[in-house]
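Undergrad: Chains A and B, in that order, are what the protein sequence lines are. So the first sequence is numbered by my numbering: it starts at 1 and just counts up by one. So the second sequence is numbered by my numbering: it starts at 370 and just counts up by one.
Keep in mind that the hints were calculated from the coordinates and are not lab data. Each residue gets a CB set at the ideal place from its N, CA and C atoms; glycine is no exception. Some clues are possibly wrong.
[Stated by the list, open to error] With a straight-line Cα cutoff of 20 Å, these simulated SDA-like cross-link-like pairs (lysine to any residue) come out:
1) A:LYS312 - A:ASN286
2) B:LYS436 - B:HIS402
3) A:LYS67 - B:LEU373
4) B:LYS436 - A:LEU4
5) B:LYS462 - B:GLN444
6) B:LYS484 - A:SER330
7) B:LYS436 - A:GLU366
8) A:LYS287 - A:SER324
9) B:LYS436 - A:HIS171
10) B:LYS428 - B:LYS462
11) A:LYS287 - B:ARG505
12) B:LYS681 - A:HIS171
13) B:LYS484 - A:HIS171
14) B:LYS436 - A:SER5
15) A:LYS115 - B:SER378
16) B:LYS681 - A:LEU355
17) A:LYS93 - B:SER378
18) A:LYS67 - B:GLN375
19) B:LYS691 - A:LEU4
20) A:LYS67 - A:ILE362
21) B:LYS656 - A:HIS171
[Unchecked claim] Chain B stretches covered by chain A per the calculated footprint, using a threshold of three residues with CB under 8 Å from any CB of chain A:
22) 548-562
23) 608-617
There are 2 protein chains.
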Amino acid sequence: MSYLSQITSPTLLIDEKICRANIKRMSDKAARHDMKLVPHWKTAQSHIIGDWAKEYGIKEVTASSIKMAEYLCGQGWDNIHIAFPFNTLEIPKLNELAKTQSLSVQVINPVTAQKLVDGLTEKVGFFIEIDAGYGRTGVHVSDFGLIEEILLTAKKSDKLYFKGFYLHAGHSYYMPDIPALYEQTRDALGMLKAKYQSEYPELVTRTGDTPGCAVMEDFGDIDEMGPGNFVFFDLMQANLGGCEKSEIAVALAVPVVDINRDRGEILVHGGGVHLAKDVLVDENGNKNFGEIVYLNEYGWTIPDHEDRSYLKSISQEHGIVKASKSLLNSVQIGDLLGVLPVHSCMTADCMGAYLSLDGKWIDHAEGCH
Amino acid sequence: MSYLSQITSPTLLIDEKICRANIKRMSDKAARHDMKLVPHWKTAQSHIIGDWAKEYGIKEVTASSIKMAEYLCGQGWDNIHIAFPFNTLEIPKLNELAKTQSLSVQVINPVTAQKLVDGLTEKVGFFIEIDAGYGRTGVHVSDFGLIEEILLTAKKSDKLYFKGFYLHAGHSYYMPDIPALYEQTRDALGMLKAKYQSEYPELVTRTGDTPGCAVMEDFGDIDEMGPGNFVFFDLMQANLGGCEKSEIAVALAVPVVDINRDRGEILVHGGGVHLAKDVLVDENGNKNFGEIVYLNEYGWTIPDHEDRSYLKSISQEHGIVKASKSLLNSVQIGDLLGVLPVHSCMTADCMGAYLSLDGKWIDHAEGCH
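If we strip away everything but chain A, and leave its shape as in the complex, we get:
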């Protein structure tokens, strides 16, 4: 019996083969560059997908909140890093989890370092997050005063130990010239390593973003890579050149509830609560909230570009597909269509579970933010 017969409402499908190939490719790339791959598990948020990753030599993962770290605890990870500027209100929970799980956190100011020094009862590592141009979070790469204040503060504790520098060049999502931006990343992390390695011989440097990790081949002496989205990829990554559409490992199955042939539109049950509201806007201002793929009992096929159909608008539960002629000719009310998501991390977070193509449910942490 096909997985399709299990679906009556919007359901997030995962193609295990594509997902494993994505993990393997990035794992091979890390090995080729003599780097450790520590994937950001905010995308998958799953034990079962974690077990797949372990088959490709992945031993550590990253979470984006302590709730997500809690979900991932006890699954045999050598370390779970919480890659979000640490929230000091969560020190009691951190102590609780650190009793049985090796953990590390991210620190970007001395106030947080001091609160950790005062509050930690268990050993916890920390990275200093560096901002080399993204401008969202982190200590500016040239602010040695701040870096040293954090390091000096941490030294007062035998629980809080320095692991290294973490850099998320998130502007790779917005800037066309990823190689130029990676020069910035390499230079920043290389300079910091050179400067602090004598005092901290074990320190490592890690870079995070999927677009960079996917397209770059020169990582300088960066030790670790921490991309997240590559596990599934999505239309945003395809748009950035980080993947092919055929490498996107998840698709939202949506039921067709109405067809408007005059307008060339199909109404599906699939909206913002399922996909999230991330959108691609083309040069003519056309919005694309997801692209239609055709489901079959083995997975999905991607129409040629000239037969492309896409979600032109979504509201809370509604999705309106701008449909190609060939789709309009064949679609029936009650059919299921697939939607490749614009931002797979957000879609997976909305949906809270995956259905595999052999009809098995795959876990996703629920409400772990």
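Please build the complex by placing chain B on the supplied structure of chain A, with the hints as guidance.
TA: For chain B alone, coordinates are given in the frame of chain A:
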């Protein structure tokens, strides 16, 4: 002990007094216009808030999916209407629920009507959704051929019975002239009622959108109103003139994790997975993903406009607050701030639970989409 001491991570707060006042005001308004208020419960998605609503004479609610209807079943509602073009894959589930709960669905094409005729084993009502200009879903108001085909199809069944016409003038969210738009709604529903009342003497007409229900005083002979968002309101409604900011009943409590005084920015743990990514854009192109309120043990206070701080950008977990001088002067790492959401329905759907100001957890359906 204040509710504040319970919070260590992003938490959706609800002010019961504001929420009850919102429900009472709309309930009074419906009574004043001799209309039945059937709120769309996709906003609250809660049994406890449903119990509050019942105290103001509300006896029926609306859901946006069969999963949400299932969550609301067995809570003493006289009827639950599923206000989404019915998804025929869910006929077995509809039959199951209709055994013990009065339900109605929405039909916009004869194919769906026929599948219901063929598949229903329990009595289920239906509304025909009418499109009088919004252009998202529904039968065009002048397409009598389609309306009659649906009605004729339904007549073949003794299970499927016609309840009336439903109109969601969702363009009230985008168009400045709500009164003009409501003339359209009144005219459309008035005309349809006049045309079909002799054949269906029990038929009712219902209009849905919160902006219209909030600002209009002339509903003509429309029988029922079905707004949803008014239970909480949000910044989008305040922007449209449907409410004051002081009438917004929910705020996301977010921990402060970093302060960048040079940039005048505060980093909070609160992003797209908590708030959703709905955004207000002002005439200068500035984005606003939520406005900061100050939390105290009794709830929150809203700063004056000149002291206004707001989320200028969000990513999956990060929120960056453009902070007023007074906020910058007082804020500390580890503080909690409140955020009035841009779109409260989506925020509540992301968060999946509410914390009341007396420290009690209030249910919200999880994953009911």
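Undergrad: If a hint holds in the structure, say so; if it doesn't, say that too.
TA: These are the hints, each one checked on the structure:
1. Under the criterion of a C-alpha separation no larger than 20 Å, the hint pairing A:LYS312 with A:ASN286 is consistent with the structure, at around 8 Å.
2. At roughly 32 Å between alpha-carbon atoms, B:LYS436 and B:HIS402 are farther apart than 20 Å, so this suggested pair is violated.
3. With a C-alpha separation of about 19 Å, the suggested pair A:LYS67 and B:LEU373 falls inside the 20 Å cut-off, and the hint holds.
4. At roughly 19 Å between alpha-carbon atoms, B:LYS436 and A:LEU4 fall within 20 Å of each other, so this suggested pair holds.
5. At roughly 18 Å between alpha-carbon atoms, B:LYS462 and B:GLN444 fall within 20 Å of each other, so this suggested pair holds.
6. Annotation: proposed proximity of B:LYS484 to A:SER330 holds, straight-line Cα distance about 19 Å (limit 20 Å).
7. The hinted pair formed by B:LYS436 and A:GLU366 meets the criterion: a straight-line CA distance of about 17 Å does not exceed 20 Å.
8. Among the hinted pairs, A:LYS287 with A:SER324 is consistent with the structure: their alpha-carbon atoms are about 16 Å apart, no more than 20 Å.
9. Between the alpha carbons of B:LYS436 and A:HIS171 the distance comes to roughly 39 Å, so the proposed pair goes past 20 Å and is violated.
10. With a CA separation close to 23 Å, the supplied pair B:LYS428 and B:LYS462 exceeds the 20 Å bound.
11. With a C-alpha separation of about 16 Å, the suggested pair A:LYS287 and B:ARG505 falls inside the 20 Å cut-off, and the hint holds.
12. Only pairs whose Cα atoms come within 20 Å are accepted, and B:LYS681 paired with A:HIS171 is accepted, the gap being roughly 16 Å.
13. With a C-alpha separation of about 50 Å, the suggested pairing of B:LYS484 with A:HIS171 is violated against the 20 Å cut-off.
14. For the hint linking B:LYS436 to A:SER5, the alpha-carbon distance of about 18 Å falls within 20 Å, and the restraint holds.
15. Distance restraint check for A:LYS115 and B:SER378: the Cα-Cα separation of roughly 17 Å lies within the 20 Å cut-off, and the hinted pair is therefore satisfied.
16. The straight-line distance between the Cα atoms of B:LYS681 and A:LEU355 is roughly 36 Å, outside the 20 Å bound, and the hint therefore fails.
17. Our distance criterion of 20 Å between C-alpha atoms is met by A:LYS93 and B:SER378, whose separation comes to about 11 Å.
18. Distance hint between A:LYS67 and B:GLN375 is fulfilled; the C-alpha atoms sit about 15 Å from each other, no more than 20 Å.
19. A threshold of 20 Å between alpha carbons decides the hint, and for B:LYS691 with A:LEU4 the separation of about 47 Å lies outside it, so the pair is violated.
20. Proximity of A:LYS67 to A:ILE362 is assessed by CA-CA distance (about 19 Å); at most 20 Å being required, the pair is judged to hold.
21. The straight-line distance between the Cα atoms of B:LYS656 and A:HIS171 is roughly 18 Å, inside the 20 Å bound, and the hint therefore holds.
22. Taking a C-beta to C-beta cut-off of 8 Å, the segment 548-562 of chain B contributes 0 residues in contact with chain A, too few for the three needed, and the coverage statement is violated.
23. With 0 residues carrying a beta carbon less than 8 Å from a beta carbon of chain A, the segment 608-617 of chain B misses the three-residue requirement, and the given coverage is violated.
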